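If you're matching them up, the sequences are chains X and H in order. Residue numbers for the first sequence follow this note's numbering, beginning at 1 and rising by one. Residue numbers for the second sequence follow this note's numbering, beginning at 1 and rising by one.
Relax, there's no trap hidden among the hints.
In silico DSSO-like pairs for lysine-lysine, Cα to Cα no more than 27 Å straight-line:
1. H:Lys142 to X:Lys105
2. X:Lys105 to H:Lys77
3. H:Lys240 to H:Lys220
4. H:Lys239 to H:Lys220
5. X:Lys27 to H:Lys142
6. X:Lys27 to H:Lys151
7. H:Lys233 to H:Lys220
8. H:Lys288 to H:Lys239
9. H:Lys151 to X:Lys105
Stretch by stretch, here's where chain X covers chain H in the computed footprint (C-beta under 8 Å, at least three residues):
10. 81 to 93
11. 106 to 114
A few chain H residues that face chain X, going by a derived Cβ cut-off under 8 Å, partial list only:
12. Leu68
13. Leu70
14. Val71
15. Gln99
16. Ala101
17. Arg102
18. Val103
19. Tyr120
In short, the hints are calculated from the structure, not lab data. As the structure is a prediction and not an experimental result, all values here were calculated from the model. Every residue gets a Cβ at the ideal spot worked out from N, C-alpha and C, and that includes glycine.
Residues per chain are reported as follows:
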Amino acid sequence: MASVSTTMNPAILGRPNAISICVKEAKYEFLKSLRIPMFLVSTLVFPLMFYVLFGLVMGRQMIGNLRSTVYLVAAYGTFAVMGASLFGTAASLAAERGLGWLEVKRASPMPPFAYFLAKVVMSLTFSSIDVLALMILGVAFGGVHLPAATMVKLALTLIAGSLPFCAMGLAIGYFARPTSAPAVINLFYLPMSFCSGLWMPFLFLPRFIQRVGVFLPSYHLSQLALNLVGGGQGGSASGHWQTLIGFALLCLGIARLGHQRDQRAQG
Amino acid sequence: MATASRSTDSFISLPGRDPEIAQFTGVNKSYGSTRALIDFSFEVRAGELVALLGPNGAGKTTAIKLLLGLVRPTSGKLSVFGGDPASTQIHTRIGAMLQVARVPETLRVREHIDLFSSYYPNPLPIERTLALAGLTTLRDRKFGDLSGGQKQRVLFALALCGNPDLLFLDEPTVGMDVEARLLLWQEIRNLLERGKTIVLTTHYLEEADALADRIVVINKGSLIAEGTPEEIKARTAGKKIRCVTELSTAVLRGLPGVLDIERDRQTTVIHTSRAEEVLRQILQLDLKVSEIEVTSAGLEAAFLALTRETKN
Chain X
1 MASVSTTMNP AILGRPNAIS ICVKEAKYEF LKSLRIPMFL VSTLVFPLMF
51 YVLFGLVMGR QMIGNLRSTV YLVAAYGTFA VMGASLFGTA ASLAAERGLG
101 WLEVKRASPM PPFAYFLAKV VMSLTFSSID VLALMILGVA FGGVHLPAAT
151 MVKLALTLIA GSLPFCAMGL AIGYFARPTS APAVINLFYL PMSFCSGLWM
201 PFLFLPRFIQ RVGVFLPSYH LSQLALNLVG GGQGGSASGH WQTLIGFALL
251 CLGIARLGHQ RDQRAQG
Chain H
1 MATASRSTDS FISLPGRDPE IAQFTGVNKS YGSTRALIDF SFEVRAGELV
51 ALLGPNGAGK TTAIKLLLGL VRPTSGKLSV FGGDPASTQI HTRIGAMLQV
101 ARVPETLRVR EHIDLFSSYY PNPLPIERTL ALAGLTTLRD RKFGDLSGGQ
151 KQRVLFALAL CGNPDLLFLD EPTVGMDVEA RLLLWQEIRN LLERGKTIVL
201 TTHYLEEADA LADRIVVINK GSLIAEGTPE EIKARTAGKK IRCVTELSTA
251 VLRGLPGVLD IERDRQTTVI HTSRAEEVLR QILQLDLKVS EIEVTSAGLE
301 AAFLALTRET KN
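All chains should be modelled from the sequences, with the hints used to inform the complete structure.
What follows is the structure in structure tokens.
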């Protein structure tokens, strides 16, 4: 590891390879989170447990003309990647910002983007584990039979669709206090999941909640996933993606405001 | 182990190129209406240890944060290695030990050091850093499982792992017991021997005295004294003489080196820089003097003395 810099061009001597820094930063971000039981429970245990209880144990119900086990891979898949992204970014950012660790990092020669990139990469990794685990459970115990191409598309959609929630996590992380961040995350995460039909099929929800739900990014990601398995409300994929991208940009804007606020506070 | 690997250290301080490693020129820093530093000027020279000494809230940490580019001066100029202290390029030559409320607790000591080492172009081998900071046996412990003093040592290790030319140590021994403090002092001296330049903040006069080539005394954002430890001590070696005496305040004020007199009912407290002479004279002048007690004035009183000197 230490030899990385010695192979560099002398003209840019004094700068270790930024990519290797990012890889190491992401690796330790992953290990750090993996060892926090609360994080694992929120991001891995809950979504998988819900799938086992409501998908596998509750039996083979039909939602429209779709088996519930198939429907729930898409719905809990959305729920899982949201959780991984929000907890993966917001909780640690709020704590490290508020309690001085980010300052220690900023005093080091770490390229600032490596810090944020590591959190996003770590969140994507947990999202991928979630999605794969749900699919394996579904195929092994839930009678989920989907073409391989559909499975790949579904996985990629959920993983790529988690990125706007990473942006949302950064926005929350810049405004939440270290101690209250997990509560703030849940205040967004759980109602959003419910109103988007991630726990209960969207059509079963009261009409007024449906009216709110269609504005939520979690609704649009779940619809992208459900459309792939034949359980969506329709609506064009590009429309859903546009909403998600717009939401991501909005969140990045808010995160930027928080960042600037921090800078001003420090002078 | 530590001595065996010493020769592998390839340290280049380039002292000829950086006679002044860091420089403050008329720097002011305000946070809202609070003035943290007022018209602050001083420089750090290659290979020395400068101690910024002052009570809590004096502006020491602000000075360090300015030198690291973490905060910007409200006015005035400052440079580190001739450049902007906020630049990542400059940071590759700097290591910093800051006061931090919470460090990620689930990473192991070795992992923290491995990560920080990767930021630097020529880091020390991890084993060497562990040895220098006295952490070899704690390498596989999670940060959260360490004692307060051990945590401070990890932060110290993160500051030195990149083999930097310049180290900032912000209150490095705060919360350490005496033994741990002496050990860290020795490690700081070892760094100096290897040609490092160190800026250290402390509110212990004793610590500045034990380590520093030069002491800069700060109070309420202003530089109030600067000099070698001997010079500073000479100006702050105040003693408090407590006694019951019938001598008048005017007489007591006339005694050598007396800075201040406090009277509380029968008891009189005399602040002086020349305690022995004052005692000798009191004993001669007042045969009934009783309950004599001599104590070190402490840093607070020393600051008082110094601020008074600067006013006159």
